[in-house]
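J.: One letter stands for each residue in the lines below.
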Amino acid sequence: MALRNHLPAEPDIAAIRAHATNMRRHILLMAEGPGQGYVGQGLGIADVLAALYFHELRHDPGDVRAPDRDRFVLSTGHYSIALWAALAEAGVIPLSELPTYGADDSRLDMSTLDTTPGVEIIGGSLGHGLGQGVGMALGLRLKQSAARVFVELSDGEMQEGATWEAAMSAGHFGLDNLVALIDCNGIQADGPVVLNMEPVADKWRAFGFATQEIDGNDLAAVLTALEEARRAEGRPHAIVLRTRPGKGVPTLENRERAHFVRVDAGEWAALRAELEREAEVSHG
Amino acid sequence: MAEVARTLAMGIDEASGERPIVAAPFGKALIEIGRERPEVVGLTADLGKYTDILPFRDTFPERFFNVGMAEQNLVAVAAGLAQTGFTPFATTYGVFASRRAYDYVAIAVAHARQNVKIVAGLPGLTTGYGGTHQAIEDLALMRMIPGLVVIDPCDATDIAAATRAAAAHDGPVYMRLLRGNVPVVLDPATYRFEIGKAVRLCEGADVGIIASGFMTERALDAAARLDARGIKAGVLHVPTLKPFDSEAVANFAASVSRVVTAENHVMRGGLASLVAETLFDAVVARPLARIGLPDRFIECGAVPTLQQRYGITVEHIVSAAEGRIAS
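Chains as they are written, first to last, in the working numbering: chain X, 1 to 284; chain U, 1001 to 1327.
By construction, these hints were calculated from the structure, which means they are not laboratory data. Computed from a predicted structure; not experimentally measured. Warning: the hint list may mix true and false statements.
[What the hints assert, rightly or not] So the derived list for chain U, only partly shown, Cβ under 7 Å to chain X, looks like this:
1) A1076
2) A1079
3) I1107
4) A1112
5) S1257
6) C1300
7) G1301
8) T1305
9) Q1308
[Unchecked claim] If you want the footprint, here are the derived chain X segments under chain U, 3+ residues with CB under 8 Å:
10) 81–95
11) 130–144
12) 181–192
Ideal Cβ positions, reconstructed from N, Cα and C, are used throughout, including at glycine.
Whenever a hint applies, use it, and build me the whole structure from the sequences.
T.: This is how it looks when you write it as structure tokens:
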């Protein structure tokens, strides 16, 4: 099998949007099993993951360890629900496995372990992703590989000091094969972001990153930013993504901004119907 | 006025002056390995000079990364390099590798089974810079991490051999470092280091000294002194704390009348604890005296002063072997 998503190619936005909607369907299906989960974060980041897995990321669903694959490092392990949705939509994981999310002996854990195909790092302990991404980017550069490294991390995760240790080193080593994708959804474990991280984009610029700031739920903007981040000019890239937790399901978008969403068993049918209505509108 | 000993520079030499020395045995070994294995890379967190890795940088500049004073990132970057097929040797002090970077060693390296070698300077009581720099409990911390190999080498021979064994081992390793001018205690022509194996260095049934790290040198010196007093002491060198050679330790203990452990580490959680657990499990009942560091933070001072004050000299081992230090 060969790597998918050869570049440069014009993005087929309608097709990518359809994948994002499918991923949201997968996320609701998964969350309904345990009746709870990081469904807000998953729905919020779904557009970014759709843009990666169905346009930007050079990967091979038939060979997830292909040496020259682009790496997608999910640092926030509890966003696993979004990664499982993307991997299932991409054909790495069978769709039939989705209802096992969070169940005993399932591969689709609430927090990522590297034993599931398509997972690059164990991501549950926050602050681990960017540093490992720096190591991967150094390694790929040393091997003269054209592969790139995309590291997702979150606004709350910027409070971990090691995030900035890693950022310093990425800037110092001039890693233009590294793209930091910072999901700013405004929530963390104790509620709305508890420690003000603004101005986020200025911080990344100060650490030597070519930095963009966009609406992370605007698929066209995400694709354009990713294209811009292909530029190799001797410094790493950062894309600050302003995302909306629960995006695509209005009830969840408007529910109290919770890190860990609980949904009553009787609510799921209504939430699925909301997603279908929203999808119909957005797909035009 | 009597001369007062003073704290010397950060990384003192281990050499006692009575044995031949090798300068920077780790750096020399890593260069040799680097020539044979292009996938070996070096990293440090602003302690290259004090961990003997700069010769590797000078030989392979494109394969060396200094991440600055950032030990969590040191370990994370090493893990990332391992994930792209490299074999990183990452150096810092033991205190920083263990206390500061523990979560990264545990998760990014050990849990993820990455092929990262952490090389830790200033082991135990080898610096006069006080509790901030003395890694007196690193072995206990590191041996608690599943899947991590933990090595405490004795001398220049051991360092070179263990570095080579670590490079050949497919998996994470934590190795204590002796740097600068390091004595040659073990004969490189006959000594064989193998991960997880203890080595019987001398025979004697009156007392058996089980030692790790540079305490093995002191154990051999103690055995020579005991011999002059008519006490036959055996010495078992245990350079690998994990995996622990329980079989060799139990057999050795069973062959002697009483046992002394000697370690450059607190006596809780390191070699002494391992030996006690092993003898209990193997139902080998022998009196056990422990030589090692106390359960306390140690002040600044000259290293010989501190080693004397806190009980890890040849004399302490001799006293324990003669039964003058209580079990």
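J.: Against each hint, give a clear statement of whether it holds in the structure.
T.: Going through the hints against the structure:
no.	hint	verdict
1	A1076	3 Å, holds
2	A1079	5 Å, holds
3	I1107	5 Å, holds
4	A1112	5 Å, holds
5	S1257	49 Å, violated
6	C1300	27 Å, violated
7	G1301	32 Å, violated
8	T1305	36 Å, violated
9	Q1308	39 Å, violated
10	81–95	violated (count 0)
11	130–144	holds (count 13)
12	181–192	violated (count 0)
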